[in-house]
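Enquirer: Listed below are the residues making up each chain.
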Amino acid sequence: MPAAEDTDLFDGDFLSRLERVRLQLKRILAGSRRAERRSRRTGASLEFADYRNYVSGDDPRRIDWSIYGRIERLMMKLTEEEEDLDVAILVDCSASMRWRPAGTQGSSKLDLARQLAAALAYLSLHNLDRVGLWYFDSSLQKESGYQRGRAAFHDVLRFLRALPAESAATNLAESLGRFGRSQRRRGLALVLSDCLDPAGFENGLSAVTGRHFALHLLQVMDPAECDPAAAGDLLLRDCEGAGELAVTAGPGLVSRYREEVKAFRENIKSWCAKRNAGYSFILSDASFDDVVLRMFRRDGLVR
Amino acid sequence: MNFLFPAALFLGLLAPVIVALYLRRPRRSEMEVSTLMFWQKVLERQPNRQFLGRLRNPLSLLLQLLIFLLLLLALARPEPARPRGGRSTVIVLDARARMQAENGEVFRAAVHAAQSLVALAGPGNAIAVLSNEGSSQIVSPFSTDGKDLRGRLEALAPSDGGGDLDDTLALARRLLAGKSGEKRLVVISDRPGPEAADIEEILVGQPGDNAAILAFAQRALPASPQSAVVFARLGNFSAASRDLELELSLDGRPFDLRKFRVASGSEADFSTVVPGEMLRSGRGFLTARLVSPDRLAADDTARLALPTGQNLRVLLVTEGNPFLEGALKADPALTREILQPSAWRSGMGKDFAAVIFDQWVPADTASETGAFFFFGRSPFDAEGEKRPVLQVELSEPQSPLFWNVDVAAFRLGMAAKFDVPEGWRVSRPLENAGEPLVLALEKPDGTRVVATAFDTSSTNFPLRAGFPLFISNVVHWLAGRSPAGENGMSAGQTYVPAEAEKISLHPQLEKETAKLAGEAPSLTEAPLRLKQNGFYEVRSARAARWIAVNTASREESDLRTAQANRSTLFLHRGWISLHLWQWLALAGLALILIEWRLHHRRVTE
Chain A
0 MPAAEDTDLF
10 DGDFLSRLER
20 VRLQLKRILA
30 GSRRAERRSR
40 RTGASLEFAD
50 YRNYVSGDDP
60 RRIDWSIYGR
70 IERLMMKLTE
80 EEEDLDVAIL
90 VDCSASMRWR
100 PAGTQGSSKL
110 DLARQLAAAL
120 AYLSLHNLDR
130 VGLWYFDSSL
140 QKESGYQRGR
150 AAFHDVLRFL
160 RALPAESAAT
170 NLAESLGRFG
180 RSQRRRGLAL
190 VLSDCLDPAG
200 FENGLSAVTG
210 RHFALHLLQV
220 MDPAECDPAA
230 AGDLLLRDCE
240 GAGELAVTAG
250 PGLVSRYREE
260 VKAFRENIKS
270 WCAKRNAGYS
280 FILSDASFDD
290 VVLRMFRRDG
300 LVR
Chain B
0 MNFLFPAALF
10 LGLLAPVIVA
20 LYLRRPRRSE
30 MEVSTLMFWQ
40 KVLERQPNRQ
50 FLGRLRNPLS
60 LLLQLLIFLL
70 LLLALARPEP
80 ARPRGGRSTV
90 IVLDARARMQ
100 AENGEVFRAA
110 VHAAQSLVAL
120 AGPGNAIAVL
130 SNEGSSQIVS
140 PFSTDGKDLR
150 GRLEALAPSD
160 GGGDLDDTLA
170 LARRLLAGKS
180 GEKRLVVISD
190 RPGPEAADIE
200 EILVGQPGDN
210 AAILAFAQRA
220 LPASPQSAVV
230 FARLGNFSAA
240 SRDLELELSL
250 DGRPFDLRKF
260 RVASGSEADF
270 STVVPGEMLR
280 SGRGFLTARL
290 VSPDRLAADD
300 TARLALPTGQ
310 NLRVLLVTEG
320 NPFLEGALKA
330 DPALTREILQ
340 PSAWRSGMGK
350 DFAAVIFDQW
360 VPADTASETG
370 AFFFFGRSPF
380 DAEGEKRPVL
390 QVELSEPQSP
400 LFWNVDVAAF
410 RLGMAAKFDV
420 PEGWRVSRPL
430 ENAGEPLVLA
440 LEKPDGTRVV
450 ATAFDTSSTN
460 FPLRAGFPLF
470 ISNVVHWLAG
480 RSPAGENGMS
490 AGQTYVPAEA
500 EKISLHPQLE
510 KETAKLAGEA
520 PSLTEAPLRL
530 KQNGFYEVRS
540 ARAARWIAVN
550 TASREESDLR
560 TAQANRSTLF
570 LHRGWISLHL
580 WQWLALAGLA
590 LILIEWRLHH
600 RRVTE
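Residue numbers (numbering that gives the first Met the number 0), protein chains in the order written: chain A, 0 to 302; chain B, 0 to 604.
Only chain B is shown next, with the shape it has when bound in the complex (with noise of 0.2 angstroms):
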């Protein structure tokens, strides 16, 4: 047993001062009466009084001396005897999506379950608390300040996402590990995590049904780029089968609503076209939403960006290129100018979302800010003969320039060779042997430039199906558009800003998107952790886009392997978590109501 206060134990000196007071404690009151019979009856009749009364003086000193003890123990602050070292205890708690169960109440117990176990920290007893939100967060180094971890776990949240326990444990291992004395490791989450002897668990869940929406994605229909591909995927996590209804939001506004039958267990899957006719106006904000409400909201809707139908304007510089010009003319999404190159103008690109040299450049390509498209011939072409192009590799498959773009067929006779200039981010998605015969090209402030070594007399490229598309996968990645739409991330993961992108801090939903004009988000040029589902912004130096965030996860909407409250602790209710002194504060003030009941009360009633 160890005093923090030692000092008050000095007080103990004035426990003399208590006897004498009680000693000097004034004699009974006189009272003269007519008779003494009624009170003598009365008396005799209470034997059992007479009792209590003759113990009751040296009772009353006996209790306020152990009421004054059990106080001066109290004031000096009693710690039970700690091992060397003193206890370091991480606290590991749950903050995945389905802690947000029962409206919240599941992570709440979690939040009330780790505060009754703060409240024991101390001097000798440090506890550090993870949270795993996705990946592993320090909610608080370890702290023997017991009000500054309540107020950190107060301000936790759950996050919208799903994520692996295993690393947060690591981390807190890591954490013990430097730590000697006794050490504790406790999970609080709604389902056992692995099987660990140096695991503590409280379990706050309850098993129970819920249906999700597991799988959110679109694409560009081929036939109609301006036109999308919804597709979504269904799950029922019940005990039974449910008529789950669907409804289909642009902007805000529904447009659709399916009902599906979706056995126990199962999934349904469901996909529609929303034209590009919707599209034009408006923001693309697609939403999905499970109309019956269940346990868990955050995976009832899902969410999507979809590219607006807004054209770009490019500039086709050119002698005379029917191919390149019927491929513009083809993405109705464009809208193309043509210019001879004798009538171009140093500043002109900067009024287009692409500019399109076609086997001419400009005299001072280096001053000019903008998109290029350098078609044929480019700045970066090496000085010499061409070389012969024997087989055709599509490096980089994953490549927007060449998304639905087959160049199995692709034929090329002679091609250029490049000089790789420095100080650009490049990307060689078509290659040679090695050689670059597409070079793609990023500066960080936003220039984009894509180059191609052949030109369309070298190569049967112009009259392939992939040609029109090719042309418009590069017009859109030079305005900073996806040409295969964003299907979005799940909530959790981390988005890494590009070269001089930014990304709004925290999401917007569907039916903010009326402000979203008017308003400056807070941005990051940091990686940051979706945490929550909504659309997030990213910014580049020439254009913005949207990125939908969705907790999309089998493991988070099954709620069935959720388990009844259970704890392997005995000290998790707060009642209970008190420290020493305060049990004997509590003591003496029960002390003093018995000296009260038994003596005082009496005396002054």
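Only chain A is shown next, with the shape it has when bound in the complex (with noise of 0.2 angstroms):
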């Protein structure tokens, strides 16, 4: 476990609900075993795949003699070849990803990411899968690179703890373009984001993707971003500089934009389902347990 002088997000606290909530998937997911990842080859592993004819050359310890007992025909018995992941996380740290609504106190959607990317390196790390982190805003900002064991669970959160000092404007094109071209190997791609890109999130998540990566898109936004507490005459301002916007906020306007960003976010899931990428869709007022328990297992992040 992790060492007692984390704090802030990583705080003990976090860390044992961290613990609480493996205990509670290993529980839910009984049967399944760790380092076991389903490869599209067979192996030595001991999860059953297929039966094929045997051929001359083959193994014959991997002769199914009770089949051959109950057809006389010997068919070889095929098993999953177990091999490792390389699980990268990437975490927005834009400027939008660290705003808070006027006048509140509570979490940043930042925060949420980073404890949500977190657990899914403890859970990764656990499954003895290579992780991997990054920030990133216009651009990469930073890389923990590819580090494998429970061990390393601390450096995981050391460098989650490190936030760039400084954050710029979404460039999710510009970013994940760059983590694209630097990966080799295949992998899972974990991106959390709140994809508010004004240039679309369409080619930095394509450029994830069109590198073999499988694509989890954890879409964190807040509440108030959803359905704005906005009345009256305003003067809108962009936290990540993009300019200045004058309105008048009625019910009806409002009311548009709530039907705008329920447009947007669909246009997202349309856009994963059809590249066979997971998405959820976190608000940041979200339990954290809530979350890892519920909602990850009806996207299928963990099994």
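Quick caveat, the hints were computed from the structure, so don't treat them as lab data.
Glycine included, each C-beta is placed from N, C-alpha and C at the ideal position.
Errors might be hidden in some of the hints.
Taking lysine-lysine pairs in the BS3-like style, the calculated list, with each CA pair at most 25 angstroms apart, reads [said to hold, decoys possible]: (1) 182(B) x 349(B); (2) 40(B) x 268(A); (3) 178(B) x 146(B); (4) 261(A) x 40(B); (5) 146(B) x 182(B).
In silico contact screen, one side only, chain A against chain B (beta carbon under 8 angstroms); selected entries [what the hints assert, rightly or not]: (6) 54; (7) 95; (8) 98; (9) 221; (10) 224; (11) 233; (12) 235; (13) 242; (14) 244; (15) 245; (16) 252; (17) 255; (18) 292.
Both chains come to you apart, so use the hints to assemble them.
Expert: So this is what it looks like as structure tokens:
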């Protein structure tokens, strides 16, 4: 377990919750085994995959004699080959992820994203996968490098705790494109972002899936972004410096705003579905346990 | 255009303050958001809103200045320019009985129309209200106080009687003649009045069917004076024949119900006898009522005050006169007592309804109080020989003393000559060559005296059938009763009380008879316009009697002549008849709502 000196987002309470989540997941996922990732190849693992006819040169130890006893044919028992996995966790640390509604003291989207990144890294390391973390905003800001083993979780926490001092505007195409180009192995990319890129999210996410990475997007948004408490004559200022906009917010305008956000979410979800990518939508005020235990299972992020 | 309160215009100096306050309006609130892309898309899809938004601010200032201007003008109370002398309006409100139709709805509509007109009263527009309740009444003289005028209109009630509108119109024209400037004469009625160029009409009625009791009268039955013959006439003012049921009640208790089929536009007569036995107890209040209700209730009931059967005590002071004794005996309504002249004492007359002195005059008649009948000799006889009488003339045929008395065969030999006393109200119902043969005297204190210039020996009158009637009539008159009975009056007529007479201000209805005896009604000696149907009590010093008042008017009952709602006026509906300043205030209010809708609502929501 991590050391007790970890504070802030990753204090002892968080870590104990993380351990509890892992144990609960273990109970829920009874039957699954550590370090077992199905690969497309058959190999020496104990997980049954298929039967095929014996041919000359096959390892006679893998002949299933019980089948022979029943049908008097030599059949080879095939098992899945076990292989470790590169899990890349990319955390959006742009200004919009750090944004909080005026006058609120709660967690930002980035806070929740970092906690979720820690949880995902923790679970992956326990699966003996290789885990690497990245911060990005307008470009890739910081990289932890792939690590394996549970002991690496300390380095994960250290990385997540050390946020880049400055944050820029979101540029998914640039940052995720650079990530995609830098990867040589296939793996699983977990992207935690609000996807609020005025240039669009498609190019950035395509750069990840185009490199044969399996993608799971965790879109984190603040409730105030989905249902703003805006009313009256307002001068809206973009926290990423995209300018200002004068609006007179009435019920009608806010209603149309909500519809626009909903359409945006549906667009991302549809895009992910078409590309066989996973998608989770998370509100920043959601319970951490609820997100990990319920939402991740529902969205297929954990089995 | 005149301003009643021009000083309010100085408030216009505050307009720059509004502009300054507007310019100081707080700037937009700044709000940091995570992204503008959603807001931009929303606004891009609503270009018309953006256009309105650009216009909104200067429009808001314009509206606020306009609102300020309207309120300022409203405060200054502008009035359209009036002709010199202003406007004078006389409203003639028809308050005759037929305006009570439809349970008073017609009259209420008339009052409502009048109130819409008086709402325009104000400086430069004086309004007077007249009503026609049988006679012309000034409800309000010229006034500019709309509130006072409305209050007087609300207190108005229609009469139960008819009347002529011409007198009221003439009065209205006289009132307007004394005014300069613009003049208007507005008549509010249910039927068209006389066509005249200076009259504007508001008609509020609706034509309809109606049935009515047009006449209700009685007289004593000559063969049995204590019984009454009652006569009624029913009218059907409908487009079709109607079956009418007439209920007769005595002192509030029904005793007869008759059915009549009356053709459209026709009348049916009916008479019956009310026996004297029924009249002996009770107050003699006879009521006829049409059972089926119709559009006008006032003419469905008619009333009569029948003479009651209570006997009168009469004292006959005589040496013996079989004619007088027989005449008094013939009237069952009289209880006679006979006294020798020598037994007469001063003051005895107070206990009798009448005292008859037969050819004898007490020593001091001046000090006596009571009702006296001097037969043959009287204190008013002139000294000297009696005069011959050649011809008898009934100079006052309507005199109650000679009701039902035929004097055609009256022969008279010699008659005394009267010195007609002063200080009495004198009537001479029977004369000969200008000289009275019978004197009927009445003092202001109620003392009544009758004197004859003849006795039983000088005439054939005691042998005639009319003699007992004459004696009976005299006694009843002396007792304050009408021998012929009261046939009532029509609503709308004015009753002028006689000397020492008073009449109750308000009528009583037959169902209230039980409490009549114990109550002292409000009485007046002044002439009284009989506005409502019912029984009015008339009191004199010696007796009390009742007058029945009924509608009894074909013109009021015939509602077929009413006309549907129509007006020659443009401004008679309440919501239109607002003052100019009220319109300005309403416009200001409407602009406030528009401004709030366009601007303020968006800021505060």
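Enquirer: Given the hinted pair residue 40(B) and residue 268(A), is their alpha-carbon gap at most 25 angstroms?
Expert: holds, 20 angstroms
Enquirer: Against the 25 angstroms threshold, does the CA-CA distance of residue 146(B) and residue 182(B) hold or violate the hint?
Expert: holds, 21 angstroms
Enquirer: Classify the hint on residue 54(A) as holds or violated, based on whether any CB of chain B lies nearer than 8 angstroms to its CB.
Expert: Cβ of residue 54(A) sits 60 angstroms from chain B, so the hint is violated.
Enquirer: Verify the interface restraint on residue 242(A): the C-beta must sit less than 8 angstroms from at least one C-beta of chain B.
Expert: With a minimum Cβ separation of about 7 angstroms from chain B (threshold 8 angstroms), the hint on residue 242(A) holds.
Enquirer: Quick check on the hint: residue 235(A) CB to chain B CB, less than 8 angstroms?
Expert: Since the shortest Cβ distance to chain B is 5 angstroms, the answer is holds.
Enquirer: Residue 292(A) was flagged as interface toward chain B. Is the shortest Cβ-Cβ separation under 8 angstroms?
Expert: violated, 28 angstroms
Enquirer: Hint check: is the beta carbon of residue 245(A) less than 8 angstroms from a beta carbon of chain B?
Expert: holds, 6 angstroms
Enquirer: Close enough to count: is the Cβ of residue 221(A) nearer than 8 angstroms to one in chain B?
Expert: holds, 7 angstroms
Enquirer: Does residue 233(A) pass the interface hint, meaning its C-beta sits closer than 8 angstroms to a C-beta of chain B?
Expert: Because about 5 angstroms separates residue 233(A) from the closest Cβ in chain B, which is inside the 8 angstroms limit, the hint holds.
Enquirer: Tell me if the straight-line CA distance from residue 182(B) to residue 349(B) falls inside 25 angstroms.
Expert: violated, 63 angstroms
Enquirer: Holds or violated: the hint that residue 95(A) contacts chain B, with Cβ atoms closer than 8 angstroms.
Expert: Since the shortest Cβ distance to chain B is 4 angstroms, the answer is holds.
Enquirer: For the restraint on residue 98(A), tell me whether the closest CB of chain B is nearer than 8 angstroms.
Expert: It holds, given that the least Cβ distance between residue 98(A) and chain B is near 4 angstroms, below 8 angstroms.
In this structure, the earlier hints numbered 1, 6 and 18 are contradicted, and the remaining ones agree with it.
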